[in-house]
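Asker: Here's the letter readout for the chains.
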Amino acid sequence: MSRLALPLAPLAVAFAAGIALAPWIPPHAMWALLAAALAASVLVLVLGQAVHALVPLLAAIAMLGALRATPAPLPPDHVGRLPLPITARVEARLAAEPIVWAPDRARLALDVERVDGVVRTGRILIGLYGPPPPLAEGQRLAVDARLERPLGFRDPGVFDAAARLGREGVHVTGSASAARVVPLEPPAPPWPARVRRFALAAFAERLPSASAGLLGGLVLGDRTTLPADVQDAFRRAGIFHVLAVSGFNVALLAGAVWTLTRAAGGGRRTAAAGGIVAVLGFAAVVGPEPSVIRATIMAVLVLAAVLLDREASVTNSLALAALAILALRPGDLLDPGFQLSFAATAGIVIAPMPRGTLAASLAVSLAAQLAVLPVALVHFNQLSTVGLVANLAAVPLAGAATVLGLLAVVAAAVGEVAAAAVFGAVWPVLLLLRAVAALAAAVPGAVIRLPAPGPGAIVAYVAALTCGLAAWHWRARRGAGPALAALATLALLMAVALAALPILIRGDGRLRVTVLDVGQGDAIVVETPDGRAIVVDAGAGGPWRLDAGERAVAPFLWNRGVLALHATLTTHADIDHAGGMAALHRLFAVTERWDDAAPPRSVGGALLTPIAPDVPGGRRNDRAVMLRVELGLASVLLASDVEAAGERALLEAGVPLGATVLKVGHHGAATSSTAPFLAAVRPTVAIVSVGARNPYGHPDAGALARLAAVGARVYRTDRDGAVLVETDGRTLTVTRWRDGSVERVCLDPETIC
Amino acid sequence: MFGYTRRQLVIVVSLVAGGAAGLAIDHWRRANPDVVAYLETLDRAPATAREPVVPRLSARAQDSPHASTPAPSRESRGPAPPGRHGGRARPARADDATPLDVNLASAAELERLPGVGPALAARIVDVRAREGPFGSVDDLRRVRGVGGATLERLRPRLIVTTP
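Just so you know, the protein sequences line up as chains A and B, in that order.
FYI, the numbering used here numbers position 351 of the first sequence as 351, with every residue one higher than the one before it.
FYI, the numbering used here numbers position 26 of the second sequence as 26, with every residue one higher than the one before it.
Simulated from the structure, these hints should not be mistaken for lab results.
Predicted model only: the values in this text are computed from it and were never measured.
Relax, there's no trap hidden among the hints.
DEER-style ranges, computed between Cβ atoms: (1) B:Val36 <-> A:Pro354: 56 to 62 Å; (2) A:Leu358 <-> B:Ala24: 54 to 60 Å; (3) B:Arg29 <-> A:Gly711: 50 to 56 Å.
To spell it out: a stretch of chain B is covered by chain A in this simulated footprint if at least three of its residues, at any positions, have a beta carbon under 8 Å from a beta carbon of chain A; those stretches are: (4) 3-12; (5) 29-36.
Coverage of chain A stretches by chain B, computed from C-beta distances (three or more under 8 Å per stretch; other residues unrestricted): (6) 41-52; (7) 59-73.
For each residue, glycine too, the CB sits at the ideal point set by N, CA and C.
Between the sequences and the hints, there should be enough to build the whole structure, so can you do that?
Answerer: Below, the structure written as structure tokens:
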């Protein structure tokens with residue numbers, strides 16, 4: 001390290017820390033702290049020792065990050081200021097190539113120019129249904145769209161898509177029929193989009209579809225045509241990262257250009273300049289993902305160092321890349337792609353490298369795996385056990401396929417003979433890579449699902465890695481350093497203990513019933529006093545739609561420490577109840593299936609009774625299975641979608657229905673919750689599981705009035721997010737997840753609570 | 001610590017100060033859009049500033065299309081206020097012989113003119129919004145795709161009433 005190089009890593013860390021702290025600091029305090037820290041560092045620089053200026057300077061940089069991350073008020077003509085939802089004619093420019101993710105489904109990112117003829121600004125996302133017309137990046141178009149605020153699932157431990165969009169500056173989403181899209185000018189894709197289209201078309205033309213999709217992912221990071229099961233195999237095998245564009249692709253491209261130029265007799269500088277041009281062009285073609293920007297900045301800096309005869313500092317170029325991305329898009333700090341990319345690269349850069357090709361590849365793989373472990377657990381609840389070995393086989397294959405794929409694009413442009421040769425060579429490599437992924441994914445326990453570790457566990461884990469690294473360096477220089485190694489082990493044990501806490505503390509004698517927010521649909525998790533979990537319906541799901549079972553119910557369960565299900569109950573076959581169930585059966589070991597009426601059974605002290613109305617020839621909703629859960633004085637009735645006929649049948653059969661908590665039937669529809677039924681249930685708490693802006697008009701005002709008439713307090717998942725009911729059999733608490741408000745209900749009139 | 005020299009620290013402090021000033025200006029701009037819009041109108045060259053300041057201000061400051069009646073700004077492409085131009089620029093009947101005011105017509109109305117497609121209509125509206133209203137019918141030549149022949153065909157159907 002030369003004395004001239006400015007160490008950027010501390011500055012980047014300070015900036016990132018400021019962004020992370022932004023939500024907890026009031027903006028006025030940020031400005032005050034920034035001014036004070038700047039003044040202090042100037043004062044120290046003028047009067048005192050220069051080194052002492054660093055601390056206030058880092059504080060000032062952190063506040064700069066915090067201010068950058070503070071959302072500014074929207075401009076007055078921003079589309080987000082419109083009274084939403086509205087249906088309007090939007091004139092806009094396509095900000096990116098349209099994403100056609102199914103033959104009749106597409107997603108458009110639009111930079112708005114006018115709404116109903118009035119000048120507006122802002123970026124919106126529009127979902128198109130129906131076969132989309134040919135569109136290209138940069139094209140102006142008009143579309144009659146329904147505009148609304150983005151809406152995610154608001155559940156504990158579940159990814160909120162709306163919050164993510166907000167961080168990206170998208171405050172309005174919409175939907176439109178593809179037939180209502182009017183291009184205002186002919187499609188004229190810019191050259192990067194044309195190159196991309198040419199490459200993907202060449203792949204699709206000369207390779208079978210699955211292999212073409214795989215090559216598109218390897219070379220360009222485009223996974224839209226890659227079958228879901230292949231993607232799933234790569235994910236399970238812990239080698240999904242080869243399907244995203246990262247430093248790997250950029251390094252291969254720069255290396256290939258370097259080698260070819262040198263072989264052709266070019267000098268080092270020519271090769272470096274050629275590498276820079278190729279890398280920048282490649283970045284323009286694949287698009288501005290955080291990992292692409294990181295890899296491009298680092299590669300350009302390293303090549304520029306060659307060009308200028310300077311020594312490149314990899315740490316510094318990594319820090320500069322982080323600073324550049326975070327200054328432009330501070331919201332990326334929380335993006336899994338950003339975190340995975342920087343964690344893996346930092347791990348590889350920092351870790352000590354042994355000699356020998358095999359040992360070094362193993363060390364690279366291990367360093368990257370260790371570094372991304374907390375990130376993968378936090379975002380995906382995923383711990384890969386086979387990734388370390390699978391990467392040893394997959395990375396060289398992916399590298400070969402990527403280089404051949406890049407060559408194939410060139411060959412396809414040159415001529416048919418060259419193209420046939422290169423595509424002939426790349427196909428077996430792709431097949432082999434898929435075989436490796438399938439083999440690794442088939443290993444039992446390839447992926448272990450665990451709850452997301454808390455901040456304490458992550459800090460302990462990072463401390464363990466730091467101590468381990470220090471111990472390794474110490475040993476290399478001065479022999480054994482037992483104190484550091486012991487400290488590393490201790491920190492690691494603490495991290496494991498803290499991370500495993502949610503699993504260990506299950507079964508505290510309390511019954512929990514959580515009605516999850518899954519949009520329009522039902523998904524309810526019952527946790528018995530001994531810690532077993534039963535899932536009653538799992539929301540909408542299946543191919544070509546957002547799977548609530550996979551996206552909401554499963555992460556909720558993992559983060560609760562539920563790793564296996566005692567039972568599932570699909571109340572009836574409607575898609576908004578049964579759709580997500582297949583994903584749950586794929587992701588969890590399920591002991592029992594209760595899909596019909598059954599005698600009461602005791603699970604961990606709670607009594608559970610599936611009840612089915614006997615309505616011969618009735619509608620599907622009326623034959624749905626209800627579940628009654630009892631613990632002590634508390635009881636919960638989950639009424640599924642049962643309507644008036646089913647309710648009448650249950651009353652006539654004399655089934656005991658009284659309950660403290662009622663999951664209101666059929667999303668609060670007018671045809672359910674009849675007065676006689678509610679008189680028999682007499683709920684204190686009523687929970688309506690319903691999607692905001694649903695087209696059915698649920699919940700019905702009359703049904704809500706009938707609930708109020710029997711004295712029930714009404715909770716709604718469309719307004720409150722998930723509703724959490726918790727009871728020890730004597731008192732009961734109800735929590736609204738969206739605002740965290742808690743209400744208590746006393747069940748035993750004899751005692752004070 | 002980390003081996004920073006005095007010179008490096010001075011550079012970083014200057015960069016941070018510059019960044020802070022930039023952020024402060026940006027936040028101030030966002031907080032005071034009216035003042036910014038006024039300053040922008042002062043900054044415009046007088047040749048294109050045919051319109052008084054007020055309409056642009058209100059067009060920028062209005063938060064919803066229903067908040068106020070659309071001012072006759074050159075950005076407004078909706079129907080003109082009925083009081084001022086006698087509704088001439090309202091959505092025309094299919095073969096309306098009344099001439100169209102180029103500075104008030106919407107893209108949809110321009111499309112009804114002979115030989116004007118959606119693309120040309122959009123370009124006319126664009127040029128009007130970007131560079132200012134047309135001083136005369138001949139001024140339409142500023143629009144790419146409007147030549148002598150087009151102009152002569154359109155002349156009987158167009159007028160310019162704005163000053």
